[in-house]
Amino acid sequence: MKKIILIFSLMLLTFSGNAQNLYEYIPENTTMLISMRMKQLDVKSKGQDYKTFLRDLVEPYTYSNESRIVSVKSVFMNVDSFGIASDQEIYKFRQVIGDLSGYMFLFKVNDLQKFEKSITSGKWSRYPHDYDYAVSTPYMATEEMIADTVYENTETTVALENTELIEPNYVVERVNDGKLYIAKEQVIGVFSDHVFIFNLSNSYKFYRNLVEDDNDDNDYSYNSWEDYKDSVYFAELRAYRQKTDSLMYVRLNTKKEEDYQSLSREYADVETGILERARKRASVRKMEKQKKQLSALTEFMKNNLSKPVNHIGKNRNFLSVHNANNDFMYFSQFTDMLLAELRSEFSNRRYNNSKTFKTFPIDLISEATTLLTLNFNNGVAEIGSVANINSRFQERLKEALDVKFDKNLFKYIEKENLMGYIAYRSDNLKMAELYKDVYVQTFNHITNGIYADGTTGFELAWNFIDKEKLFNTFGGGAIFAVTGFSDVSVNVVSYDYDEDFNRTEKVETRVEKQPKVVYVTTVNNHKNAKDIIDILSRFSFVQKVNENILVIPSQYNFRTELYIVLTKSVLLITNDKDLALKNSSGLPSSKIMESSEQKFITSHMIACRTFTEKTLNNVRNNYFSNGGYERWYNPMFNALGNFELYTDLTATGTQGRARLILKDSSENSLSKIIELMFMMK
Amino acid sequence: MKHPGRLYTLSLLICLSLCSCFEYIEEITYTNDQSGKITLTLNCNRSKSKLDALMKLDTFMGYRIPNTQVIEGEILTALSALNNTKGISHVNISRNYTDYIFVLTANFDSTHHLNEALNNVSRAIGRKNDLPEYDLFTHSNHRFERLMVSNDSLIESSNIRKRAGMFDGATATAIYRFPRAVKAVSNQRAMVSKSGKAVMLKTDIKDLIKKPNLFANSITLQ
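So the protein sequences, as listed, match chains A and B.
Just so we're aligned: the first sequence equals residues 0 to 680 in numbering that gives the first Met the number 0.
Just so we're aligned: the second sequence equals residues 0 to 221 in numbering that gives the first Met the number 0.
A portion of the hints provided could be inaccurate.
Derived lysine-lysine pairs resembling PhoX-like cross-links, with alpha carbons at most 25 Å apart [said to hold, decoys possible]: (1) 598/A to 613/A; (2) 567/A to 543/A; (3) 201/B to 576/A; (4) 613/A to 49/B; (5) 49/B to 512/A; (6) 36/B to 505/A; (7) 414/A to 178/A; (8) 505/A to 49/B; (9) 193/B to 505/A; (10) 55/B to 512/A; (11) 505/A to 85/B; (12) 512/A to 205/B.
Sample of chain A residues lacking proximity to chain B, with all beta carbon distances greater than 10 Å (derived) [what the hints assert, rightly or not]: (13) 202; (14) 362; (15) 499; (16) 513.
Now the in silico label distances, taken between C-beta atoms and shown as ranges [to be verified]: (17) 38/B to 656/A: 52 to 62 Å; (18) 287/A to 69/B: 44 to 54 Å; (19) 656/A to 91/B: 56 to 66 Å; (20) 72/B to 509/A: 39 to 49 Å; (21) 75/B to 86/A: 51 to 61 Å.
FYI, nobody ran anything at the bench for these hints, they're computed from the structure.
All C-beta atoms, glycine included, are put in the ideal place defined by N, C-alpha and C.
Model the full structure from these sequences, guided by the hints.
This is the structure in structure tokens:
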């Protein structure tokens, strides 16, 4: 009985060991993380190649890609060939280990042998070696030489193209329960319960500290004349040239018929041999340097690669979204990411050597995290965002957004041809104060106060600004809307022909369609607003219709008249002549935007909606009245419903949602969107 | 197999089709039986608004929109090809990117040189690919011919055919002037001038795409 209990306990332990979450390998302090569920996406895309649109997200091209074992792009474009468990999550996250940093890809594989065989086959290292430093450098040096010696370079170039390349080169190292494949810019870890690919994006400091610089480039190529002059190559070349110059002189002077060009080529062949020897020397040195680098990297990885004590699963913000089975998830510790990025801008020696180091707190934006999710459901594709901020920032933001949306603004938005709008509300003055404080704090923090006097000067200048006039003349709420199309007159050049078909140029006026746009915002201080309008009216390109209405005539690329209208409560900027001149106090209530839209706007901090059907019809009728729209119009018209986006304040930050709604609620949005994208491609 | 050069030209045609309304004018004026002057005009001014908007984009509906630098590069290539053609002189390409009007003028010593110049431009812009070469014009024995573009030409491309509707409003005009009077014209749409020494043929691009022979003409001179 005891034996049975023991075996059962062992089985349970083994089971719980395997059942651990993959995210436990992700450190809690990672600044950025993306997760995706490929199997889920495979099913939703109905076999269409959605991965085409993910290539650059997975692995942007950099020069360091060339010294990697595998291209991560090729791995994820061929998950089956690598035996990757696509039914599990695949993570990409920012990893920092000592002086090494980069992006780590973490996933599970169904078949470890298959995976290992795939990476060692070499066929997935897809980067062309044409860009290899070893090739490009001597070629450039050769051109320098050619300019110097007037030799033709044909033979030399051919010799260089046949250069034997040493990249990619990697070592395999056994560790506790797995194996590491280590190349100069990539480490692949293969373990029983997980696999990772670590693409190093910043390894300069690591290699600079661990491997001495042996100046291997200072032979046939060079960074300075001094280096070049000291090289073995230069010594050989100089000795050879002295010899050949003498020989050539003798031959040219004793045999007058000798052709100088062919004689030069004869000697150039031998000179190419000198270059070839120099190239081989550099190649050997490069190999030796690479061995040193790989050995140092191997030792470092063996000692420093371990499962993190504090993993990302301990972050409740991450975990709450992670467990929701999203197709894609993006998580960033916003403050850390921002500061890491900004610090790198100020991390050169000049800043580091400064003696005025001081610690400046960043109490406003600390602890900020951002979460984005993307889900392709039946009938709707949805992006969700959750931003968590600290209570100090939250309090200030709440104050800045504690504004009631001015319902007067709705009077200027005509419902009949409304194609889309975006509306927001905020107290501009409080928002500006908040941004100013964030800017000053962040700047002082990342520069360790080196420019503290500068930011204090900025605060002094800020104090003198008439902020009331600058930020509070207009504001509170605003709507920008596209309300259909209007006719505008434009001049076009065409030709007339006389009876002998000699042509003369003529200018005729014709009517064109232009989108009608309306921007309307609340006037908080009418006196200040009037002052601004009066100043604007004095510009030479502005015409005054009356005391409160200005018009900027069409000119240059702007082919429409723009009206600026000031009323007691709103500022209106529009190219809709009727609205500006006949309805400056607002449209009749029967014509203004639907009450459901008004409610949508007033209930969110930022609200945006586009009416796809109306937009497509308007574009077709106004721009493609003679046909030519069939290819894109019908598929889009049949598939797409409205698009909407909104953002709200929550107790801990903000949350938003963007939804693309499809007409057919039974069809998955991913397959439909991919189908449309391929159609438009 | 599609030639890259052909694809490039195709994308330019598609860009033109997106701007829908343009005017192409081909003028050849013979000063004697051999030499003369060619003027090619592309006037997209009617589509200025759309072109202004399109030129701000990299791609539209999946097609790459060439920017001013790219277009300028191609114009310089064409200019260089023309200048390097024997028998061609006084080459000029005026470009107006505000009104989108482009005019090419050049003098030619003979019709043979003119054909060679046009083929050289086609080859240069077509990225040295094996584009079909034509003698677009013939002029001998008091007969001038403007040939139709053969069946494998760009304009016959099925893609362009499908988009014929987008060329609505675009026109192509050919004007040929001679030192001698015109005796007869083969194309029934062609008009002879009052002086009897010039021929004009105007057609819609939309029709031309469907029937390339609409632009073909054989002119007999006295």
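Status of each hint after checking the structure:
no. : hint                      : result
1   : 598/A to 613/A            : holds (20 Å)
2   : 567/A to 543/A            : holds (18 Å)
3   : 201/B to 576/A            : violated (39 Å)
4   : 613/A to 49/B             : holds (20 Å)
5   : 49/B to 512/A             : holds (10 Å)
6   : 36/B to 505/A             : holds (23 Å)
7   : 414/A to 178/A            : violated (65 Å)
8   : 505/A to 49/B             : holds (21 Å)
9   : 193/B to 505/A            : holds (22 Å)
10  : 55/B to 512/A             : holds (19 Å)
11  : 505/A to 85/B             : violated (36 Å)
12  : 512/A to 205/B            : holds (23 Å)
13  : 202                       : holds (34 Å)
14  : 362                       : holds (42 Å)
15  : 499                       : violated (5 Å)
16  : 513                       : violated (7 Å)
17  : 38/B to 656/A: 52 to 62 Å : holds (59 Å)
18  : 287/A to 69/B: 44 to 54 Å : holds (47 Å)
19  : 656/A to 91/B: 56 to 66 Å : holds (58 Å)
20  : 72/B to 509/A: 39 to 49 Å : violated (32 Å)
21  : 75/B to 86/A: 51 to 61 Å  : holds (56 Å)
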